[in-house]
Amino acid sequence: MKMKLNCPVCDYQEIEGDTCPNCDTDLSVIRMLKELPQVENPLQQVKTAKWQLGVALLLLIIGIGLGVMGSFIFLQPQLHTLPVSSSNLVSSDRLKLPVNHAPVTAKEPPKPITYTVKSGDHLSAIAQKFCGEGTSWQVMVKANPQLKGRQDYDYIDVGEVLKIPNCKEGA
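Read in the UniProt record's numbering, the sequence shown has 35 at position 35, and its numbers run on one by one without any break.
By construction, these hints were calculated from the structure, which means they are not laboratory data. Take these hints with a grain of salt, some might be off.
Claimed, not checked - Simulated restraints on C-beta separations:
1. C23 with Q52: 48 to 58 Å
2. I62 with D26: 39 to 49 Å
3. E40 with I62: 25 to 35 Å
Claimed, not checked - Straight-line alpha carbon distances no greater than 27 Å define the calculated DSS-like cross-link-like pairs of lysine-lysine that follow:
4. K118 with K50
5. K2 with K50
6. K2 with K34
As the structure is a prediction and not an experimental result, all values here were calculated from the model. We put the CB at the ideal spot given by N, CA and C, even for glycine.
Let the hints inform the model, and build the full structure from the sequences given.
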């Protein structure tokens, strides 16, 4: 049984076919649209989707929280344990309370040694004087970039201050 339609052009009533008998309007598309199954309320679908999204976000937050707590517990055990050494143990193997020691301070780096050039000095002589026999004048050039391009016996200014490399450590 076909649904009865009204013609939207001439307003002819209760047409059972696909064509209006009064004005020959094709009603097949209107008939197909009217016969489509009804969809439930779209607002109800949105409410369901919001509820599901809320639950998913809650589970995500709980998962992240558990992950963070797990990383603190299992990946950073040094935060939760006291260091044990033989000096901390009493004869009955109980831990002593840690003794407060003076704060450890970092050593200051050694101050660089400098040398003021005197009349008659050249780089090889200065290098041998501070670094020992057989030391190349190029050691002085490495420690003093302003000397690049100069040769061993090139002119160096009297009164020029040179940094002396710590060549004793390498030996």
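Let me make sure I understand: some of the numbered hints might not hold for this structure. Which ones are they, in numerical order?
The structure conflicts with hints 2, 4, 5, although it agrees with all the remaining ones.
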